[in-house]
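For the record, the sequence lines run as chains F and G. At the far end of the first sequence sits residue 330, using our numbering, and the numbering has no gaps. At the far end of the second sequence sits residue 330, using our numbering, and the numbering has no gaps.
Hints are computed from structural coordinates only; laboratory data are not their basis. Warning: the hint list may mix true and false statements.
[To be verified] Examples of chain G residues toward chain F, derived with CB under 7 Å:
id	residue
1	I236
2	M239
3	G252
4	R254
5	L256
6	T259
7	I260
8	F263
9	L266
10	G268
11	F269
12	V270
13	S272
Ideal Cβ placement from N, Cα and C applies to all residues, glycine included.
As a plain string of letters, each chain reads:
Protein chains: 2
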Amino acid sequence: MPSSKEIHLKSRPAGLPVQENFELIETEIAAPVEGEVLVKNLYMSVDPYMRGRMNEAWPTGAVLMGGALGVVVESNHADFAVGDHVNNGLGWREYFLSKGHDLGKVDASLAPLSAYLGVMGMPGLTAYGGLLVTGELKDGETVFVSAASGAVGSVVGQIARIKGCTVIGSAGSDDKVTQLVEEFGFNHAFNYKTADPLTELRKGAPKGIDVYFENVGGLQLEAALTHMRPYGRIPICGMIAHYNDDGTATPGPRNLTETIYKFITLKGFVVSAFGDQQPQFLKDMSGWIKSGEMKYHETIVDGIEQAPDAFIGLFSGSNNGKMLVKLADA
Amino acid sequence: MPSSKEIHLKSRPAGLPVQENFELIETEIAAPVEGEVLVKNLYMSVDPYMRGRMNEAWPTGAVLMGGALGVVVESNHADFAVGDHVNNGLGWREYFLSKGHDLGKVDASLAPLSAYLGVMGMPGLTAYGGLLVTGELKDGETVFVSAASGAVGSVVGQIARIKGCTVIGSAGSDDKVTQLVEEFGFNHAFNYKTADPLTELRKGAPKGIDVYFENVGGLQLEAALTHMRPYGRIPICGMIAHYNDDGTATPGPRNLTETIYKFITLKGFVVSAFGDQQPQFLKDMSGWIKSGEMKYHETIVDGIEQAPDAFIGLFSGSNNGKMLVKLADA
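All chains, full assembly: derive it from the sequences and hints.
What follows is the structure in structure tokens.
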């Protein structure tokens with residue numbers, strides 16, 4: 001019957017989230033009864049999409065949710081043994097009881113455990129499905145991805161590179177821009193805070209772009225629309241520039257009329273659309289990791305007490321690659 | 001060798017076009033040589049899309065282009081006889097010579113001649129293809145169309161009604177709103193100048209809309225995005241609210257993030273995509289006209305001298321249905 005620390009949503013953020021929106025609570029977990037397992041979370045994920053859920057979907061005064069990777073520490077369930085590693089949607093807490101239906105076993109021999117919250121997990125599948133299914137990428141096309149050093153963006157760019165595409169990426173610091181080119185193999189990258197997106201797209205893709213993988217919105221979407229080739233596709237994964245909008249929301253792109261004569265498609269999606277792709281995704285991704293074609297970084301902070309800060313940091317780009325919180329040693 | 005009046009683009013409009021952007025020129029047309037026909041245009045079309053072409057695509061100091069319906073008055077071409085009626089892309093002029101490749105014969109027994117510039121022509125096929133192909137309309141869905149009393153919008157709404165859909169439309173005067181409901185059989189209509197689009201959509205479609213046929217942009221697009229059902233489609237035909245934007249373009253929708261969790265698709269298109277649908281379109285449309293299921297209006301002004309005013313009037317909604325200029329008696 002361990003004591004478990006967990007983070008509650010104390011109040012709804014107005015604009016950018018702050019420490020005061022969160023509260024650390026300590027609670028006692030009962031022993032698992034017949035048909036239950038006790039899971040100790042080892043890593044939890046903080047992700048930009050959570051900001052939207054905090055507006056309405058998630059109740060205040062209750063523990064937050066999110067992706068986590070844990071280990072079974074007690075089992076009264078026939079399908080789970082002590083030591084099994086399990087993906088789950090019950091982050092922001094150290095321990096929990098489960099009847100098993102909300103757990104997915106992961107194979108620790110395929111990739112490091114923490115990768116199941118990143119390239120091998122939700123962000124990886126988001127990149128894979130968004131680019132190949134929603135974006136209908138064809139080998140050899142030209143791809144632009146914003147927030148390209150993030151957990152999703154860095155995978156998007158590398159999959160495109162592996163598929164023989166020309167890849168342009170944007171990020172928010174010169175160090176990240178250097179990393180995109182030198183480590184992830186992007187053909188061209190730029191710092192969106194200091195460079196003009198349209199000028200950079202013209203430089204990196206003189207003939208235009210076929211797919212813009214949208215993570216950001218704002219001026220980068222406008223530049224992409226202007227520089228899109230006919231029949232271009234814009235899978236909309238996120239628009240982090242708009243997530244903390246208050247009443248005076250950031251205006252959308254002024255040039256949506258570009259879509260008309262260029263037959264451009266914009267299409268929103270979330271990862272839940274890609275259940276059918278999951279087996280092929282795990283096979284492809286673990287292969288690319290092992291061959292060294294797919295590189296990834298993690299920013300890992302230590303202890304559940306740091307989770308609110310880690311989440312808030314997403315909106316100022318304090319992470320390099322997937323932002324994780326380590327809750328316990330494996 | 002008739003004398004032919006034609007309208008030239010004298011200067012490029014800045015924002016809303018004005019009379020001074022146009023010039024009436026009189027020119028002599030030679031007699032047709034072997035392999036040529038002389039065509040007398042009976043009707044010419046003015047359409048919102050022409051505004052965009054005047055920014056760059058069309059040269060100044062030259063005659064304008066556009067849809068027209070003419071009759072062969074002299075023929076030295078084996079495929080054309082005097083009296084043949086022909087669709088052509090050489091509007092804004094009274095007479096022209098052709099080698100035939102830019103002419104399409106039309107069947108005057110299927111529908112009145114002027115209809116070939118409206119419901120049986122480019123605007124009709126735009127509505128038909130945009131709704132059924134790009135918009136992937138399914139019988140019984142809920143459809144919203146803006147600029148619903150226009151040449152395209154009124155056909156969109158009636159096709160949707162014929163397909164058993166619930167149809168909501170917007171227009172710019174109370175008279176047009178009344179016409180939408182009483183004559184075209186829309187389920188709900190509103191005046192976008194005096195009513196709030198989102199409130200009206202909630203009233204006319206309590207369960208949300210599946211297809212928004214986009215002709216306008218601006219606040220109506222924002223309202224549609226907010227009130228869209230999951231997997232909704234937005235075929236983008238035009239955005240007339242933005243056509244006369246100068247340097248300070250009207251901002252786009254502030255709520256494109258609505259696309260993400262609702263898997264919404266926005267897709268630009270132009271009528272040239274629907275060549276394959278043309279035969280079925282002519283069959284369906286002439287049938288609907290004859291059965292009385294498809295109604296249409298024309299605003300016809302008389303004489304090529306009036307063409308610039310007719311075109312300018314499109315942007316203040318001075319037309320009811322298709323705006324045409326009559327150049328000669330049939």
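Structure-based check of each hint:
no. : hint : verdict
1   : I236 : 5 Å, holds
2   : M239 : 5 Å, holds
3   : G252 : 3 Å, holds
4   : R254 : 4 Å, holds
5   : L256 : 5 Å, holds
6   : T259 : 3 Å, holds
7   : I260 : 4 Å, holds
8   : F263 : 6 Å, holds
9   : L266 : 4 Å, holds
10  : G268 : 3 Å, holds
11  : F269 : 6 Å, holds
12  : V270 : 6 Å, holds
13  : S272 : 9 Å, violated
The earlier numbered hint that this structure contradicts is number 13, and it is the only one.
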